[in-house]
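Quick note: the sequence shown, position 34, residue 34 per UniProt numbering, numbers continuous.
Bear in mind the hints are in silico, worked out from the structure with no lab data behind them. Fair warning: there could be bad hints in the mix.
[What the hints assert, rightly or not] Straight-line alpha carbon distances no greater than 30 Å define the calculated DSBU-like cross-link-like pairs of lysine-lysine that follow:
1) 252 <-> 332
2) 288 <-> 98
3) 206 <-> 283
4) 77 <-> 49
5) 98 <-> 283
6) 332 <-> 212
7) 288 <-> 206
8) 283 <-> 212
9) 206 <-> 98
10) 212 <-> 288
[Claimed, not checked] Label-pair distances were calculated between CB atoms; the ranges are:
11) 343 <-> 85: 44 to 54 Å
12) 283 <-> 85: 34 to 44 Å
13) 179 <-> 364: 23 to 33 Å
14) 126 <-> 102: 26 to 36 Å
15) 360 <-> 215: 52 to 62 Å
16) 61 <-> 84: 12 to 22 Å
Ideal Cβ placement from N, Cα and C applies to all residues, glycine included.
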Amino acid sequence: MLQTSFNTMTSANESSNVENGHGHGVAPQQDSPSARSDVQNMLASLGVKEPRDITLLSEDDLRGAGMNLVDARRVLKEARENVDMESQRSAEPPTQLKLSAGQQAMVDLNNTALIRADRNPVQMMLSAILAGIMLSWGGALYVVLAAGTKAFWAEAPGLHSLISAAVFPMGLTGILLTGSDLLTSNMMYGTMPFATMDPRRENMRKFLSSCKLLSISFVGNFLSCALMAAYISPMVVTSEAATNFVVAVAEKKVAGGLGIRFARAIAANWLVNIAVFQAACVKSAHGKMIVLWLPITAFVACGFEHSVANMFLVPLGMYNGADVSVGDFLGKNLFLVIFGNAIGAGIGVGWLHWYAMVPTNYWVLTGHKRNN
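Work out the full structure: start from the sequences and follow the hints.
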């Protein structure tokens, strides 16, 4: 822009020289070094330090420096147009990147994370209660199918586990389509603004928002799942086979080594949030249902540890005589599983997917951060 203004002034100055009789009958040399130097000296004498300073000058200022009226007006007009163009360019929206479906899904999930954390706490609590209710309905269907096929369980345990697990995603489907607050998916949302280094929020605000989101989700999910287990139990656990099944599930949740339980917790929520990511890649409701089905089925069939599912299944077994105390449930299962779930969501999906897929200079390219 500065060079354009100099060139404009140079042309105008040479034209003025011709009209004044200098070099009569000879075409002026455009943008010669001496002419450019004369223009720079002229601008400097008028106090011009940058191109937009030219717009502060008047016709009389330029004429007093040796330019004729027509050229003075032309110079001022072009200088103002250049400044206006520069202002328009600076006001343009950030660069629109062409992202793949997966890349756009990660960007959308990160944007959703900011919105979810900024909601009213009462709305978040109601949403978390709704999520626990929906997951409990899926858990109830899982118990009915798994406990009602005892002979199949004995003859083909692997196939039995797969078929039983295939109905559990019903609850996760409802949660996803309503946008309800499930603790395990909010573990990804709560950590994504940190993992992506989103410059649109300060770290302290990110931390406080994440604490609010996760704590309310925990309370709402736990409360609704425990109450739903008490509500559903007399309607679903109506046979010896069903009782034996829910008791065995609850007791298994607190038995065995803590290390393997922790590993299963990481795997469970890794798969759950892969399902959330895949659902974000498609727009239609039926498409979301299809792509989340297999990852959810996989974690249930493999016997992985999902904290919110355990908030329903373990109390359900406890209500029916499982040898599990509240201390056993919290100390040997729930808190450990929550920690493992957080790693699977925050690192396995939130951090890994972002840095493996999204351009490393995404925030610079979209105008949210300067490239130092």
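*Between residue 61 and residue 84, is the Cβ distance one that fits in 12 to 22 Å?*
holds (20 Å)
*Verify the proposed pairing of residue 332 with residue 212, using a straight-line Cα cut of 30 Å.*
Holds, at about 25 Å.
*Given the hint that residue 206 pairs with residue 283, does the C-alpha gap stay at or below 30 Å?*
holds (28 Å)
*asked:* Given the hint of 44 to 54 Å, is the C-beta distance from residue 343 to residue 85 inside that range or not?
replied: holds (51 Å)
*Holds or violated: residue 212 with residue 288, Cα cutoff 30 Å?*
holds (28 Å)
_Distance restraint hint 23 to 33 Å, applied to the beta-carbon atoms of residue 179 and residue 364_ = Since the Cβ atoms of residue 179 and residue 364 sit about 31 Å apart, the hinted range of 23 to 33 Å holds.
*For the pair we were handed, residue 288 and residue 206, check the Cα-Cα distance against 30 Å.*
holds (28 Å)
*Indicate whether the distance between the beta carbons of residue 283 and residue 85 respects the range 34 to 44 Å.*
holds (38 Å)
*Is the Cα-Cα distance between residue 77 and residue 49 30 Å or less?*
Holds, because 18 Å separates the two Cα atoms, which is no more than 30 Å.
*Within a Cα-Cα threshold of 30 Å, do residue 98 and residue 283 meet the stated pairing?*
holds (18 Å)
*asked:* Between the alpha carbons of residue 252 and residue 332, is the straight-line distance 30 Å or under?
replied: Holds: residue 252 and residue 332 sit about 11 Å apart, inside 30 Å.
*For the pair supplied as a hint, residue 206 and residue 98, confirm whether the alpha-carbon distance does not exceed 30 Å.*
Between residue 206 and residue 98 the Cα gap is close to 28 Å, so the pair holds against 30 Å.
This entry does not satisfy hint 15, going by the numbered hints stated previously; all others are met.
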